[in-house]
Amino acid sequence: MTESKSSETNSDSSSLFWKKIWSNFHLWEKAVLVFFLFSLLVASLQLFNYRCLSAEQQPAFGGTYREGVVGQPRFLNPLYSPANNPDQDIVELVFAGLMKYDGQGGIIPDLAQEYHISEDGQTYRFILKDNLFWHDQQPLTTDDLIFTIRTIQNPDYKSPLRAGWLGVELEKISDREIKMKLDAPYASFLETATTKIIPRHIWKETPALTFPLAVSSTLSFIGSGPYRFESLDLDNQKRVQALNLEFFDQYHLTDRPYISRFVFRFYEDEDSLLKAAQRDEVDGFSLNNPGAEINSLRLSTYRLSMPRYFSVFFNPENSQLLAVNAIRKALQYSLNQEELIQLAAPRQGYLINSPILPDFYDFRAPDNGHRYEPAKAAELLDGLGYLLDSTSGYRYKQPTRASETFQSDLKVGSQGDEVRALQECLAGLPDIYPEGEATGYFGSKTKEAVIKFQETYSDDILAPWGFSNGTGVVSRTTRNKLNGVCFQEERQSEPLEFTLTTIDQPHLNKLAQALQEQWREAGIKVNIRYLASAELENEAVNPRDYEALLLGQVLGAIPDPLPFWHSSRKREPGVNLALYENEQADRLLEQARSTMDPAERQQLLEQLQDILLNDAPAIFLYQLDYLHFVSSSVQGYNVEKITAPSKRFSTVTDWYTKTRPDWGY
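Count the sequence shown with my numbering and you get residues 1 to 665, in order.
Derived from the structure by calculation, the hints contain no laboratory data.
Certain hints may be false.
[Claimed, not checked] For each label pair, taking beta carbons as the anchor points, the in silico distance ranges come out as:
{"id": "1", "residue 1": "Ala599", "residue 2": "Asp417", "range": "48 to 54 Å"}
{"id": "2", "residue 1": "Glu338", "residue 2": "Asp545", "range": "41 to 47 Å"}
{"id": "3", "residue 1": "Tyr115", "residue 2": "Asp545", "range": "39 to 45 Å"}
{"id": "4", "residue 1": "Gly466", "residue 2": "Arg520", "range": "50 to 56 Å"}
{"id": "5", "residue 1": "Thr123", "residue 2": "Arg520", "range": "55 to 61 Å"}
{"id": "6", "residue 1": "Ile108", "residue 2": "Thr659", "range": "23 to 29 Å"}
{"id": "7", "residue 1": "Arg347", "residue 2": "Pro185", "range": "36 to 42 Å"}
{"id": "8", "residue 1": "Arg347", "residue 2": "Asn154", "range": "40 to 46 Å"}
{"id": "9", "residue 1": "Asp382", "residue 2": "Gln407", "range": "20 to 26 Å"}
[As the list claims (entries may be wrong)] Derived DSS-like pairs (lysine-lysine); straight-line CA-CA distance at most 27 Å:
{"id": "10", "residue 1": "Lys397", "residue 2": "Lys376"}
{"id": "11", "residue 1": "Lys452", "residue 2": "Lys481"}
{"id": "12", "residue 1": "Lys641", "residue 2": "Lys658"}
{"id": "13", "residue 1": "Lys158", "residue 2": "Lys570"}
{"id": "14", "residue 1": "Lys452", "residue 2": "Lys397"}
{"id": "15", "residue 1": "Lys447", "residue 2": "Lys411"}
{"id": "16", "residue 1": "Lys510", "residue 2": "Lys525"}
{"id": "17", "residue 1": "Lys181", "residue 2": "Lys204"}
{"id": "18", "residue 1": "Lys481", "residue 2": "Lys447"}
{"id": "19", "residue 1": "Lys445", "residue 2": "Lys376"}
{"id": "20", "residue 1": "Lys179", "residue 2": "Lys158"}
{"id": "21", "residue 1": "Lys525", "residue 2": "Lys376"}
{"id": "22", "residue 1": "Lys172", "residue 2": "Lys129"}
{"id": "23", "residue 1": "Lys445", "residue 2": "Lys411"}
{"id": "24", "residue 1": "Lys172", "residue 2": "Lys158"}
{"id": "25", "residue 1": "Lys411", "residue 2": "Lys525"}
{"id": "26", "residue 1": "Lys510", "residue 2": "Lys275"}
{"id": "27", "residue 1": "Lys158", "residue 2": "Lys181"}
{"id": "28", "residue 1": "Lys452", "residue 2": "Lys510"}
{"id": "29", "residue 1": "Lys447", "residue 2": "Lys376"}
{"id": "30", "residue 1": "Lys397", "residue 2": "Lys411"}
{"id": "31", "residue 1": "Lys179", "residue 2": "Lys238"}
{"id": "32", "residue 1": "Lys204", "residue 2": "Lys179"}
{"id": "33", "residue 1": "Lys158", "residue 2": "Lys129"}
{"id": "34", "residue 1": "Lys411", "residue 2": "Lys452"}
{"id": "35", "residue 1": "Lys641", "residue 2": "Lys452"}
{"id": "36", "residue 1": "Lys445", "residue 2": "Lys397"}
{"id": "37", "residue 1": "Lys181", "residue 2": "Lys129"}
{"id": "38", "residue 1": "Lys481", "residue 2": "Lys397"}
{"id": "39", "residue 1": "Lys481", "residue 2": "Lys445"}
{"id": "40", "residue 1": "Lys238", "residue 2": "Lys129"}
Think of the CB as a built atom: it goes at the ideal place given N, C-alpha and C, for glycine as much as any other residue.
Make the full structure from the sequences, and use the hints.
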C-alpha cells in the first residue's frame, strides 16, 4: 500500500515538473519548439521511407494466385492425369517425382538426392533425400516408389504411363535407395523418372477397377509437392468451380513456396475463360487460340518454347496416290509455310523443316528441308501425267487407251514416250516404284523398279528363262506382263484427290482449310474430315483409318523420335502415323535411343532427319510455342522451355506477389 502511494506521488511530481517548465516558455518559444519537433518527425519519416525505397526488395511470403483452366478435373491421380489437361496442371503442384524439369527444359533431381547410371546405361540407382513427407505427415520412402511403378506396370490398372515403365526391374536397397534395371539402354529414362509418386498407405487397398476415380471421401488427395489440397468449390450442379491449394510447409526443395495459396478456377470454354480474365477473376491462363482481346488486358505474355510440331502424315496403305514419293514431294512444294502460320497460328508458330526440331535441341538444320516451289510441284505432277483441267481447276490423270502396248526392248539409257509410259505404269504400283517419277529417261531408279516388277511376277517373266533374279531389262516376257498389267482395260480419268483427317478444333480447322486452299491452287483436290478428339483416336488414329492425317506430336526434353518413326511402331499402341518403314532409319533410331553420349545422339538424329526428308512420309509444317498470360503483379517467373503445358508450373516455388525490403543486416 505504501509502495503504490509512493509511485503515484512520483508520477504526479513528474507531471507537475514538465507542466511548470512548459508554462515558463514564451508563446514564440513554444511555437519554435513545436515546429522543431514536427520537422524532426517529418525528417525521420522521410529517412525511413528513403531507406525502404532504396533497399533492395526481396520476395516475401503471402498472397493468392488464381489460374484459369478450361475443362474439369477428372483423375486426381498422376497415374491417369495424362488423359486430361486440368488434371496434369493440378498434379504438377500436388505431387513430386524422383526427377523434375527446370525452367529451361532440363531434368534435375526432385525427391532424389542423387542418382548414378551404370556404364552400359541399363542400371539406375536413386537415393532419396532425407526427411521426405507426404502432405498427411507420413514418411515417404522407396516403398511408395516401388508401389507406384508396379501399379503402373500392372496391365489391370490401365495407366497411360505403362509403356514407359515396361521392362524395368526394381530392387529396394533401403528406405532411401532403389535400383532400377532396364532391359535395354534408354537415354531418355531420366525423363521417365519424372513420373509423380503416389502414397502406398493411401492407395494400397484400392482395387484396379476403381483406381482411376478413387479418392478419399473429402477429395483430399495426398501428395508430396509444393502445394496440398485445401478445399473444393462446387456449383449447384456439382461441377467444380475452383480447387484451392495451400503451401506445404514441409516441402523438400525450399522452405516453402512464396505464394501461400494457389487456386485453379475452371471454365466451360475459352470464351468464358477470357471473360473471366477481363473481370479480373484470374491471374493467369492460356488459350489454344489467343486473339486480339488479350492485348487489352494488363498481362505479361510468356512465350514458352515447346517441342511440339504439326505435320501432315501420309498413309501409303490407304492411298495408292500418296504412296508415290513424287506426289508427296509435289504436295510439299505446293505449300507456303509462312502463309499457313499467318493464317492458323500468327502469334505462336514458326516454320520447321525437320521433325527433330533443330532449333529446340541446337542440332544442325537440314540441307534438304521444305521449300515452297510451285513450279517444281507442277513439273512433278505433269511428269506423272496429272494434267490441269482448265474447266474445273483440278488435275486429272488422263485415261490410257487399251490399244497402247509396249513394243520395244528398254534398258538403262533408253528414253522417250515409251519409257515415260513404262514409268507411269510402274508408278501405279507404289510398292514397286515408290518414287513414281515419269521423266522419260530410263535411269537407275527405273531399273530398280523393273527388277522388283520382274521378281514380283517371276513365274511369268523370269522362270521361262531359268532366271531367279531380275535383270532390269524390259524384253519379251517383261513386256508381255507389263502389257497385261498396264493395259488390260481402259482406265478412267483419275483425279488428283485425297481426304485429310484432323481434330475438330479451331486451330486445326483453320490450318486444314488453309492447306486445302493452297493445294487447290496447285490443282489438287482435298476433302477434309473433321472428328472430335475421342473419335479421332478410336476411329482414325488407332485403326490407321485415314489417307492423310493432320496432327501434332510432342518430343521430350531428351529427343527420342523412335515411337514416331520406327517400323515396329506402325500399329497401335505405336504412333508411327505415316506407317513409315526404312531399315537405315530403324538402325539410327535404335542407336540414338541407346547411346548415353549427347554428341553421338545428335549426330545420329541429324542423319535420320536427312533420310526422313528424302523419303517424305510426312510434311512438317511448323512448331507451336505455348503462350502463358500472367498478371504483371507476379514476379519470379523464370520458365523458358517446357515439354508439356503443365510444366509451366515447374518453377512455381520461385513465383511471388509480395515483397519486403532487404536492410542488408
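Evaluation of the provided hints:
{"no.": "1", "hint": "Ala599 / Asp417: 48 to 54 Å", "in the structure": "holds, 52 Å"}
{"no.": "2", "hint": "Glu338 / Asp545: 41 to 47 Å", "in the structure": "violated, 32 Å"}
{"no.": "3", "hint": "Tyr115 / Asp545: 39 to 45 Å", "in the structure": "holds, 43 Å"}
{"no.": "4", "hint": "Gly466 / Arg520: 50 to 56 Å", "in the structure": "holds, 53 Å"}
{"no.": "5", "hint": "Thr123 / Arg520: 55 to 61 Å", "in the structure": "holds, 56 Å"}
{"no.": "6", "hint": "Ile108 / Thr659: 23 to 29 Å", "in the structure": "holds, 27 Å"}
{"no.": "7", "hint": "Arg347 / Pro185: 36 to 42 Å", "in the structure": "holds, 40 Å"}
{"no.": "8", "hint": "Arg347 / Asn154: 40 to 46 Å", "in the structure": "holds, 43 Å"}
{"no.": "9", "hint": "Asp382 / Gln407: 20 to 26 Å", "in the structure": "holds, 25 Å"}
{"no.": "10", "hint": "Lys397 / Lys376", "in the structure": "holds, 18 Å"}
{"no.": "11", "hint": "Lys452 / Lys481", "in the structure": "holds, 13 Å"}
{"no.": "12", "hint": "Lys641 / Lys658", "in the structure": "holds, 26 Å"}
{"no.": "13", "hint": "Lys158 / Lys570", "in the structure": "holds, 21 Å"}
{"no.": "14", "hint": "Lys452 / Lys397", "in the structure": "holds, 24 Å"}
{"no.": "15", "hint": "Lys447 / Lys411", "in the structure": "holds, 7 Å"}
{"no.": "16", "hint": "Lys510 / Lys525", "in the structure": "holds, 17 Å"}
{"no.": "17", "hint": "Lys181 / Lys204", "in the structure": "holds, 24 Å"}
{"no.": "18", "hint": "Lys481 / Lys447", "in the structure": "holds, 16 Å"}
{"no.": "19", "hint": "Lys445 / Lys376", "in the structure": "holds, 20 Å"}
{"no.": "20", "hint": "Lys179 / Lys158", "in the structure": "holds, 24 Å"}
{"no.": "21", "hint": "Lys525 / Lys376", "in the structure": "holds, 18 Å"}
{"no.": "22", "hint": "Lys172 / Lys129", "in the structure": "holds, 15 Å"}
{"no.": "23", "hint": "Lys445 / Lys411", "in the structure": "holds, 12 Å"}
{"no.": "24", "hint": "Lys172 / Lys158", "in the structure": "holds, 24 Å"}
{"no.": "25", "hint": "Lys411 / Lys525", "in the structure": "violated, 36 Å"}
{"no.": "26", "hint": "Lys510 / Lys275", "in the structure": "holds, 23 Å"}
{"no.": "27", "hint": "Lys158 / Lys181", "in the structure": "holds, 22 Å"}
{"no.": "28", "hint": "Lys452 / Lys510", "in the structure": "violated, 42 Å"}
{"no.": "29", "hint": "Lys447 / Lys376", "in the structure": "holds, 24 Å"}
{"no.": "30", "hint": "Lys397 / Lys411", "in the structure": "holds, 26 Å"}
{"no.": "31", "hint": "Lys179 / Lys238", "in the structure": "violated, 44 Å"}
{"no.": "32", "hint": "Lys204 / Lys179", "in the structure": "holds, 22 Å"}
{"no.": "33", "hint": "Lys158 / Lys129", "in the structure": "violated, 30 Å"}
{"no.": "34", "hint": "Lys411 / Lys452", "in the structure": "holds, 14 Å"}
{"no.": "35", "hint": "Lys641 / Lys452", "in the structure": "violated, 48 Å"}
{"no.": "36", "hint": "Lys445 / Lys397", "in the structure": "holds, 22 Å"}
{"no.": "37", "hint": "Lys181 / Lys129", "in the structure": "holds, 21 Å"}
{"no.": "38", "hint": "Lys481 / Lys397", "in the structure": "holds, 22 Å"}
{"no.": "39", "hint": "Lys481 / Lys445", "in the structure": "holds, 20 Å"}
{"no.": "40", "hint": "Lys238 / Lys129", "in the structure": "violated, 40 Å"}
Taken one by one, the earlier hints fail for this structure at numbers 2, 25, 28, 31, 33, 35 and 40, listed in ascending order.
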